[in-house]
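Going line by line, the protein sequences match chains A and P.
According to numbering that gives the first Met the number 0, the first sequence holds residues 0 to 73 in order.
According to numbering that gives the first Met the number 0, the second sequence holds residues 0 to 180 in order.
Do not rely on the hints blindly, as some may be mistaken.
As a list, the in silico DSS-like pairs of lysine-lysine whose alpha-carbon atoms are at most 25 Å apart [said to hold, decoys possible]:
hint: 1; chain 1: P; residue 1: K171; chain 2: P; residue 2: K118
hint: 2; chain 1: P; residue 1: K159; chain 2: A; residue 2: K9
hint: 3; chain 1: A; residue 1: K35; chain 2: P; residue 2: K159
hint: 4; chain 1: P; residue 1: K171; chain 2: A; residue 2: K10
Hints listed in this document are in silico derivations from the structure and should not be mistaken for laboratory results.
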Amino acid sequence: MNELNEDRVKKLLKQALPPVEGEQEPGCDLWPAVLKRLDAKPAPAPWFDWALLAGLVALVVCFPASIPVFLYYF
Amino acid sequence: MRNEPSDVLDEFRQGSVDAFETLFRQHQGAVYGWILRIVRNPAAAEELMVETFWRIQRAHARFQPAMGFEGWARRIATYAALDWMRTRRQESDMPQEMLAELSAPAEADPVVNAEIRAKIARALERLPPKLRIAAVLCVVEEQPQKDVAAALGISVAAVKLRVFRALRLLRKDLEQQGIRP
Numbered sequence: 000m001n002e003l004n005e006d007r008v009k010k011l012l013k014q015a016l017p018p019v020e021g022e023q024e025p026g027c028d029l030w031p032a033v034l035k036r037l038d039a040k041p042a043p044a045p046w047f048d049w050a051l052l053a054g055l056v057a058l059v060v061c062f063p064a065s066i067p068v069f070l071y072y073f
Numbered sequence: 000m001r002n003e004p005s006d007v008l009d010e011f012r013q014g015s016v017d018a019f020e021t022l023f024r025q026h027q028g029a030v031y032g033w034i035l036r037i038v039r040n041p042a043a044a045e046e047l048m049v050e051t052f053w054r055i056q057r058a059h060a061r062f063q064p065a066m067g068f069e070g071w072a073r074r075i076a077t078y079a080a081l082d083w084m085r086t087r088r089q090e091s092d093m094p095q096e097m098l099a100e101l102s103a104p105a106e107a108d109p110v111v112n113a114e115i116r117a118k119i120a121r122a123l124e125r126l127p128p129k130l131r132i133a134a135v136l137c138v139v140e141e142q143p144q145k146d147v148a149a150a151l152g153i154s155v156a157a158v159k160l161r162v163f164r165a166l167r168l169l170r171k172d173l174e175q176q177g178i179r180p
């Protein structure tokens, strides 16, 4: 892509999505929500998360060449 | 002495909830603004604020005071936003939200009508989240590349590369939608 095309895409992007102006504040005090979240017990990981993790580990062990692909997406 | 920033940071690192609240109050505007610039949706930004400060508190023992709280918080917020974007990538209502929440700029080119803006928003949504974040922060929000690099935990050169790749993918997507930049 040449520089002219890049500038045109940038211009279109800026015109389509206005930047967030100035200092922004949340609509309400979020501190109570943070405290509530801190007090909440962490949900146990569902069994399929562990199954997925085991599958990924097995895949990486069997096919080490797939490691860069995972690194790219994560 | 309690109000000395370094004291607050040390107390936060040792797990003080009071120090954590002080830091939350001091930095919530900056962190919220950063998240809003990424996700462009106030409701989602508030949800991610809670998630970000929850992650911050969980990681308090690993905080290095020399690094500065705001930069550290921005990085955690950026990763929380990345996770949010990844989980929402399958949903199709993002462009409408992005366009509805923020009005068109006053200096907008009248040629760029609502339909074109919607197509651009759709193309942006289809970008991989880490490319989208780089493009939105650097191009739309004009944030310094070194700040974006610090928030993403990558080099400035890597940020430039991500922006370049994002613009190239956007151009291809727009061409497929009938817009020739």
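So, going through the hints one by one against the coordinates:
1. Note on P:K171 and P:K118: the hinted pairing holds, with a Cα-Cα distance of about 12 Å set against a maximum of 25 Å.
2. Proposed proximity of P:K159 and A:K9 is supported: the alpha carbons are some 13 Å apart, at most 25 Å.
3. Our distance criterion of 25 Å between C-alpha atoms is broken by A:K35 and P:K159, whose separation comes to about 39 Å.
4. For the hint pairing P:K171 with A:K10, the CA-to-CA distance comes to about 15 Å; that is within 25 Å, so the pair holds.
The earlier numbered hint that this structure contradicts is number 3, and it is the only one.
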